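Heads up: the sequence lines are chains F and Y, in that order.
Residues in the first sequence are numbered from 33 upward in steps of one, following the working numbering.
Residues in the second sequence are numbered from 1150 upward in steps of one, following the working numbering.
Keep in mind that the hints were calculated from the coordinates and are not lab data.
Treat the numbers as computed from the prediction; the structure is a model and nothing was measured.
Cβ coordinates follow ideal geometry from the N, Cα and C atoms, glycine included.
Keep in mind that a hint or two might mislead.
To be verified - Covered stretches of chain Y, as calculated for chain F (at least 3 residues, CB under 8 Å): (1) 1187-1200; (2) 1260-1274; (3) 1297-1308.
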Amino acid sequence: MISSRTFGFFLMTPAVIIIVMLFLLPVVLTGVFAFTNMSTSTGISGGAWQISPATLQELRDRYAMPELAKRLAEPEYVIDELGLAALSKAGMGADIVADLRQRHLGETFATRRDAERAIRDISHRPSTAELKQISEQFNHSIAGARFESKAALFAGLASIGMRLTEAEQAAVAGATYTGWNWTGENFRRMVSIPSTSLSLLNTIIYVACTLTIFNIGFAMVLAITTFYMPERAAGFFRGLWLLPRISPPVLYVLLWKWLAWDTGFLSVFLAPFGIAQRNWLLDSSVNAWIFVVLINGFVGASMGMLIFSSALQAIPKLLLYASEVDGANRRQQIWHIILPQLRWPILFVTCYQTLSLLTSFDLILLSTNGGPGSATEVWALATYHTALNNYAGNLEYGYGAAMALVLVAIGIVLSPVYLRLFNYRVLVSRPLIEQ
Amino acid sequence: MTPNSRVWPVVLLLSIISAPLLLMYIYLFVDTLTITTPGSLIPHAFTLKNWHFLWATLPGRPNIWRVALNTLIFASASSAIVLSVSSTAGYVLSRLNVPFRGFFLAGVMVLHAFPSVTLIVAIFLVLQMVGLYNSLAGVILVKAALDMPLGIWIMKGFYDTVPWEIEMAGIQDGASRFTVWRRLVLPQVRPALLALGLFAFLSGWSEYILPQVLSPGNQVQVLSVYLAGLIADDNNFDMALFKSVGVFYVIPVAMLFLFFQKHLMNIYGGGTKG
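The following block holds chain Y by itself, in its conformation from the complex (with noise of 0.2 Å):
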């Protein structure tokens, strides 16, 4: 930007810093479609073996299709429960003066930042003791109650950016309360509501703690769990497949981020968890 110095030497050593990380994305991709002699490192063939996971089903693992459908259930179902409950929460907390307003926020700021990985426990426990455990209904439940804080947060901080004038005029023309938030306030929102929902189903696509703990069943079992399973069984080792399938795993997260980069990087920009 400013001449005081030369760029090339930055560059250089930020790509050596880089290589490792580069090279591991691109050979995730290289091995999953060639055949590599052991001690080399430059494949020598094509091959699509490494995918036969998809056609047939390995043994003693549920089918691939079922474990993906399970995933996108997993996903969108919390995905859903976070949107709808934090676009209203975010909203109250934004514009209504409703008792104990202040303590609202100040919890929601709190939980925010409260490491929720501390609760699985007492979550598993509880989700036992209601016979949850190991459905598909009580981690979707618990995914979204965690992710419900940074949902109110986002939406409220949205909510705040929308001007009260266009809340004063439909309030003038008469229209109630509720009319008002789902008519006017809710079409501004609409980058918000698409980012969240995106980043809800991101997150629950991509978590493999809560899935793991709460519902490791076949029936109900998701790709995170799916992939760690192939990976820690140690009598059938084949780096190639376990790429193959993470590779399946990830094309859907790197589909979205590639058209929505823009809505995603609002929120990855302003500071989540890891």
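Extracted from the complex, chain F is given alone in its bound form (with noise of 0.2 Å):
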């Protein structure tokens, strides 16, 4: 028989692969990506060695060698065996070959035109077609050429006779590499460009204000006033405040869509108080947030709702009784008798919305997309739109998984206080059977 010990291994290694690749893989890597350049312009695998005009800019401009620039982009024509050999596969005829050997071999040119003008000499009097067909084959630039390996890319230097010096070599390398690099440059930009700062303001101000007047101020009106209910009425508007957190993000979103837009109900309804038509969703900033707040409010007030009424139902019905045989009105049992019982309640909610709500962001994507402008662009959001979608096509994933990992940090240092908050004690007391 086996013993509980390798029993429960063979039990938790699914559990543990899944986990550890699908999970805290991601948090490791979100951290390596973040030093990374990585973006839709370089790919997510290795490179490859290019020389391109953005190549020379770059020897230009980073590295100051501008010779080196000119000397990579001039073309050169070398007359050798490689070449005649070349002409005479593409069909060339022999005796041509022969003459350009006998009479031009070793020969280098700076241009195409000193070339074709070289060559013009022999025996065969080449048409201008010929010329350029024979000319094509000399032709040693390395403009444009494209090596899988810096080994192939200093090969292919060396055989049209570039000697570089180690430092140049290390220049056109770099300079030349189209595929991601290691950098720190994410977090210096991160501190110094001024949208950062922006999408910090609202999500402060998006968690403060839906934390506060909803996930909190509303669910524990919505707890109390149910608690003071008929148990149908009560019943009716618990159900009908689950809706929102029932209902796929996609189609609750496009309830609120109907409610705002320009011929939607809120417009329809307004009409007659001679209030213009409008896309309220995104008309003007303030609007916009308004309706945020509401749309992530409105789902957010149901788990409060919840944690709240149970709580409340655990006070003993005889307190209740006997305050009110002393004589206390509704208003002093909530804050005397009632308030103190969800003290624990509400710090649970307040931890566990603040971390969700900081993170969450498919709501205001559905709905405001950020805007108008980057009115509502929260910080999840704007990763989003740095790494994964925007409308430029150009994703930063490098700089998003920069941005990502300042919500992983958060996440990593807020989520442990669960520990405190659930009895930790208790959950780690030992098994009671063992073999």
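Join the two chains into one complex using the hints; note that each chain is given alone, in its own frame.
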């Protein structure tokens, strides 16, 4: 019979593998990717080494090697055996090839014109079209060439007779590389650009308003009012306020869009009062904010409502009756009996919702998409727009990962708070059966 | 409940606050089956034309039944993975003295609280690297993994309520730990399995961000991405069509809630994300 340890090991393995691969690994990789400049243009796998106009620009500007850039840019024509072989393979007559070899082998020309002028003298008297065909075979220009490795790049440079110093080699390799690099630039950029502080401010407004007004405030109103209601009415309201939570987000936001769009409910309803029809969701940043808080708050209120309600059910009925006998009115009852009972649940909901509001962006994405302008662009949504989806189409994975890393770090700091909120000691008490 | 104040002012107040919510849901169903002249709020005729997407594929969109099938596969597969893995891991954490048990428990709890959506950038890149981008398998695995800490946590909680005596008796009679788990303990937590399975299914059915980012292609599209794509298309703005697709999308959710309300409230009441 296998021991309970081995048995436990087997039962645990799938969960551990899945959680490590798709949960812990991404946490680590967010940190790794944050220190790269990965983007759509660099790709995510390794890159190649390509000599392009951008390369030459970079050699001039970043490495201050204009001389080297000029040499790389220059086309070069060398009459060599390789070119001759290619020429005869391309179907050029053997006599022309022999003639070329005899007269010009080993000669080097800086431009195509020079090369063609020299070749023109062969006995065959080639036409202009033929000349072009011939000179093409001896083109040793490296501009536009693409190499799969650094070694291939240097070999390619050597084959056209470019001898580089070590510093030049490093510069060429750096400038021609198309893949991603390690960099700390993302964080420098994050603290320097203004959009960072804007989305930080937006996030604070969003979390603070939604949390205080709805997730705690309105949730308490719901819990306390339904507590005093007859059972049927209470059940109806609790069920109604649970709808936003169980509706899929895409559908839920669609309902709000219907409420707010140009010819939607709000516009039609307010038209008789002389208020112009408009898209209430996006017409001004204040309105956009009101809707963002409402949309998120209506979902968030239900969690507080459920937790507070069940805490209220735990109040002994006798206590309430006794207080009434003693002449307490409804307000005193709420203040002295009900609110003290809610202290822990409020703490729990605050911790939980802070974290989930900080990082959730699906409802904002679906409703305002950060607009109008960037008025409602919160940090998590800005991360999504940077790394995963934007109009420009250049997705900056590295910078997005750096932005996500900030949220991951907040999550890592805040989520262990739960170990305190739940009674951790009891959870880890030793099992009763051992074999 | 107690007579020191009247009930009706509170009911009235709450009714006024709740009115927009109620209206939105009522109009969701009304608008799919009726025609309303723009500028009016009262529908004037009955119609089925908003439902034409069921038999005529919309231009530039995948077939709705194909999309519904993808959604079904996505939600049930991730639910099945969550269920099978959490029911074993939850048992281990509840009952067996494995090495690092305290560490695992703490880890599961921290991960449960951890905002997993922040990992989307890294997961996106990983799936691209391993070639699972734009495939149902990839997004199913990711969804299951992200729901798993909650699943393990819930199953552990339910296993904790099963009396030790049942297992003691089984062990005394010479059954192995596996038999005890399979034959004696698992039947005890059947309501939990049902609740967690349904919860994971609904969570998959409603999921938007993960499929949108990880599998947006037409072949593997799910209903949430399909509907969001329709709504985002500014050239064909048809609110009644959106609502009809929305109702089609939400029918299974509504059905499951109607039938299994009690089971599901076990989990929703326990504090999940959102």
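We went through each hint and held it up to the structure:
no., hint, result
1, 1187-1200, "holds (count 4)"
2, 1260-1274, "holds (count 15)"
3, 1297-1308, "holds (count 3)"
Violated hints are absent here; each numbered hint is respected by the structure.
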